[in-house]
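Following this note's numbering, the numbering of the sequence shown begins with 7 at its first residue and continues without gaps.
Derived by calculation from the structure, the hints in this document are not laboratory data. A couple of the hints might just be wrong.
[Unchecked claim] Quick list of the computed label-pair ranges, beta carbon to beta carbon: (1) ASN260 <-> GLU230: 23 to 31 Å; (2) GLN49 <-> ALA125: 35 to 43 Å; (3) GLY143 <-> GLN49: 23 to 31 Å; (4) HIS63 <-> ILE31: 20 to 28 Å.
[Stated by the list, open to error] Cut-off 20 Å, straight-line C-alpha distance, at most; resulting in silico cross-link-like pairs (PhoX-like, lysine-lysine): (5) LYS240 <-> LYS148; (6) LYS42 <-> LYS240; (7) LYS148 <-> LYS119; (8) LYS119 <-> LYS150.
Virtual Cβ for every residue (Gly too), placed ideally from N, Cα, C.
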Amino acid sequence: MPTTSPVQRLFDTCREVFAAGGAGIVPLPEDVERVKAALDGMQLDDVGLRPDTPYFHIMAAERSPIVARLRLHECDQFSIVIFCLPASSVIPLHNHPGMTVFSKLLYGTMHIKSYDWMADGASGTAVLSNPQIHPSGARLAKVKVNSEFTAPCETSILYPANGGNMHCFTAVTACAVLDVLGPPYSDSEGRHCTYYRDFPFTSFSVDGASSSSSSSSSSVPEEEREGYAWLQEKPEDFTVVRVPYEGPRIRTDN
């Protein structure tokens with residue numbers, strides 16, 4: 007009997023876990039663990055890639071690195087994609103509205119910075135009593151992750167309202183990340199990918215005064231300020247090259 011490939015096992019698991027899913031619906035904890043377990047052991051060669059794959063070295067005319075996107079599967083319930091990032095390339099800070107997302111670093115070293123929105127009425131530290139949305143349109147967020155990761159490492163998981171729903175990937179070396187999104191982006195259903203600029207907490211006033219003299223800002227302990235930032239929407243300026251997936255075939259008819 008032929009051995010089931012890791013990619014096929016991942017697809018089969020996702021099809022079961024996300025069968026009744028939808029925007030904002032988080033799988034049961036045991037189902038989250040099932041998807042995570044399917045991803046945790048996966049390696050670069052399981053998806054038909056090698057360190058010398060040209061996708062890790064795509065350059066534009068001006069010699070800037072370009073990210074490659076390989077789509078393994080996409081349906082209304084979930085999508086499975088791989089991003090190949092040349093060294094120093096960046097997937098800008100962006101959101102995942104209503105989605106549960108699993109990210110497995112397959113190769114290389116990547117810096118990940120992620121944020122969650124501060125909820126209105128949150129409490130527990132001085133900054134949280136301040137307004138959550140600035141007149142400029144920037145919105146207050148809390149840093150969830152700001153670290154480097156090197157493969158092999160555990161799968162990271164983000165949720166619709168926590169876990170680092172907005173994140174940015176920066177390739178320290180050439181790297182590859184396998185993402186499972188449930189459900190996927192859908193403009194027709196209002197799940198748009200929005201990009202952001204992030205600004206230090208002290209960049210904006212939180213009480214109408216300048217950031218340097220804001221009494222509310224100065225009331226936040228210095229050691230806490232790095233844990234918060236203002237995120238402001240920006241136009242999409244991300245270049246990605248869509249390339250064919252040539253790894254093990256996924257059977258969708260069984």
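Now for the hints, and whether the structure bears them out:
no., hint, verdict
1, ASN260 <-> GLU230: 23 to 31 Å, "violated, 52 Å"
2, GLN49 <-> ALA125: 35 to 43 Å, "holds, 38 Å"
3, GLY143 <-> GLN49: 23 to 31 Å, "violated, 42 Å"
4, HIS63 <-> ILE31: 20 to 28 Å, "violated, 39 Å"
5, LYS240 <-> LYS148, "holds, 19 Å"
6, LYS42 <-> LYS240, "violated, 32 Å"
7, LYS148 <-> LYS119, "holds, 11 Å"
8, LYS119 <-> LYS150, "holds, 7 Å"
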